[in-house]
Amino acid sequence: MPECVGYASPFHTGFEKRTRTCFPSEAKSSLMADRKKIPRRAFLKSAVAIGGTAALSACLEREQADVPTGPDDLSSYPERQHAWNESLPTDDHGNVVAPRHRVLLYLNYAQSGPPTDADRRSVETALRGVEHAYERSGDGLLLTMSYSPSYFERFDKALPESVSLPAPKALSSFEDPHLDTPDAVVHLASNHAQVVLGAQEALKGNKSALNGVEQPDAALTDAFEVVDRRTGFIGDGLPAEKADEADGVPADKVPEDAPLFMGFKSGFKKNQASEDSVTIQSGPFAEGTTQHISKLDLNLNQWYNQDDRWQREAKMFCPHHAENDVVEGAGDNLGTSSNVDQCGNPVETARETGVVGHSQKTAEARKDDQPLILRRDFDSTGDGEASVHFLALQRSISDFVGTREAMNGTDIAENSAVGQRNNNGILQYIRTERRGNYLVPPRSLRALPPASPTTETEEVTHASS
Amino acid sequence: MRRRDALRMLGGASLAGLAGCVGFGTRSARTPPLVADRPDAVYYPTHWEGMKTVNVREQNGYRCALTYSYAHRFWLMKPSGITKVGIQPEDSIHLMPVVWDTETGVIPPDVNPQLTITQDGETVDQFAPWPMLSQPMGFHFGDNAQLDGDGTYTVNVSIGGTSTRRTGTLADNEGNASFSFELGFSQAKLEEIAYTDIPADKQGTKGAVELMDMEMLPDSTAPKPDALPGTVRGSATSGDAQFVVTAIEDATRFGGSEDQTYLAVSPRTPYNRTILPMMSLSGTVARGDETAFDGYLQSTLDPELRYHYGAFVPDVRSGDQLTITVDSPPQTARHEGYETAFVEIPAMELSL
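Going down the list, the sequences are from chains A and B.
Mind the numbering: the first sequence is residues 1 to 465 in the numbering used here, read in order.
Mind the numbering: the second sequence is residues 1001 to 1352 in the numbering used here, read in order.
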């Protein structure tokens, strides 16, 4: 797939939003060949990571995409913002194929106190603007709007009991993450870089027309200030293609076909919660869901240069898989499941082999034999480091906490040769940098929702469309 | 791609000219060929390296010394054997954050430090070093780190909660801590560190380089048998590791009851008495035709026993047959001279 690649100024020192020229990826190889001429602080960066109108222009020239526009009438759009699966393609096995390019815009509401109806109208109108411009699909645009616990603190009334949305916290004894408290996060996803970039620029009020569709005179930035921007990608070949963009990615080690930096496929159908099971069932936010977003820095030097394939397979899946060569390449041969039912009991495995697998541990976090979280995570080179934006949806934040506790393997470490991080799944290689919790409200409440919505409020929001 | 990779390419001729070399020393000097026919036991390696201490910091009941040496090869464990980790061309030094409980001097193998190296506010490298066993250094956490040449770096070492059972005053120390060091690194300073060849006729023979005298740092040894609390009931050797067994009546202090006995197994390396952590051990106590105990020997940190493996048993009687089974050998990485020992550790039987 064509990919937009930017070339950052040779003299920039990080990822400041200066104007950069966007080069097509064919140019990337010649830049690579020319690397000797590039001062050491130069990085190749993808257009999505750079962002801005210049990156978008370059992408539009480069990416030959004929993106269908959305309908004039959006009334058939699902109440569940997170209902993406039916709009996404599946692979040969029936696994949903995640959209390849992502942007997360972190937003703070510009005013203190409860939001105004005028701001609600601006937000809804701006969101509808990009929905008219791009079809709701993987090749078009998928988006969710979500709100943090700190956003809801502005209301006199608390969130209803039907919503479990605690403030974020550290989820292992050995992490000390920065706790994110923006008011809102927009998640933009598409198979086309130009779509996430275009949607972002339109939502910021920088586009009078998008994909040939006139944009409303309303922007998210009428109500919000953009306080952070995180970007990334997931999909076969993208991590290898972007390995040069980040420090710490061993050259030529990320497999060419891997969808994620660590070299293995994830998101198997049977290892994902269903959209139904992560949906809030009752109360004013019924049809919504909760979202956890963490940023995890990866240590790929140890993973690729020090561990061998056996260790990577054992630590990601389980020793049984490594011992029996169950996983071919990135694991496409596994079909619809990581087949952890073959792995055995985690504590027994840990005692007998001294290693326990990541999938093997997290599979313990199930309810009615179903996983609790729906992963929509992606990799990033956004700040010059290889990292993961681990975005997960679940009915309650406690479902995420339970899954992470299973991943910590505390009882396993206490009772076996497995250490706190050593040989304990992939804990050795990830460092939690940030955590944040959000409510993804139903579509009808996606524009600056009150903490305790009434029917009347919902009508107001609908009326604004 | 690492900045250093780019740097290497950009640096062009000067660095490229050193292809096949490590740092500024030659590869042959820093990584001499391994001894042929290494025994399945602790053996004298080709050479040993000293270390430098950058500084010692203290916070929340822990002290941390940041130490370093030459980048070197080591081995990672897996059930079917070991994986050799060679020195990469980008590796500058071997960084070792040594953390210990201030009050007892116990180095806890369960507290896995996280290292972040920055320069001018920019991250140069970040990793969780491996738990390791080395003859001169003992148990420590370490890994080869990749710096951007001579200069001043900030090294942050953070530790989190515990993951191994603790007894005595060690149980009170569960705090997180963070230590910051300024590392003035230069190749010249690195090369001041001792690098001692071991005579060819000694290399590969059974034995070990002595533990270094590390000023200001505690060591990671297990107590001598006569210094262990309780009554030492025997010892056994397997896989070249020594297992000393002691029985302590009244297990209250260890979380058991007054009428129970605490059966503690204290494994250590031969020669240096370095602890052997991160094993899965289990044991049975047979008394005639009966089984008095059958279960895990749980890894535990105690101020007196230090790192050991223990269980509560009803009592220990003369003539009881203890079987110690090693379900997993120490999952620590190994430095040269330890990589072939403590890998296959057959079960041991001893009469108490």
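Keep in mind that a hint or two might mislead.
[To be verified] Once the Cα atoms are required to be at most 30 Å apart in a straight line, the calculated BS3-like pairs of lysine-lysine come out as: (1) A:Lys270 - A:Lys169; (2) A:Lys169 - A:Lys157; (3) B:Lys1084 - A:Lys265; (4) A:Lys265 - A:Lys253; (5) A:Lys253 - B:Lys1084; (6) A:Lys157 - A:Lys269.
Everything labelled a hint here was simulated from the structure, so no lab data went into it.
Hint by hint, here is what the structure shows:
no., hint, in the structure
1, A:Lys270 - A:Lys169, "holds, 28 Å"
2, A:Lys169 - A:Lys157, "holds, 23 Å"
3, B:Lys1084 - A:Lys265, "holds, 27 Å"
4, A:Lys265 - A:Lys253, "holds, 16 Å"
5, A:Lys253 - B:Lys1084, "holds, 17 Å"
6, A:Lys157 - A:Lys269, "violated, 39 Å"
When the structure is compared with the earlier hints, a violation turns up for hint 6 alone.
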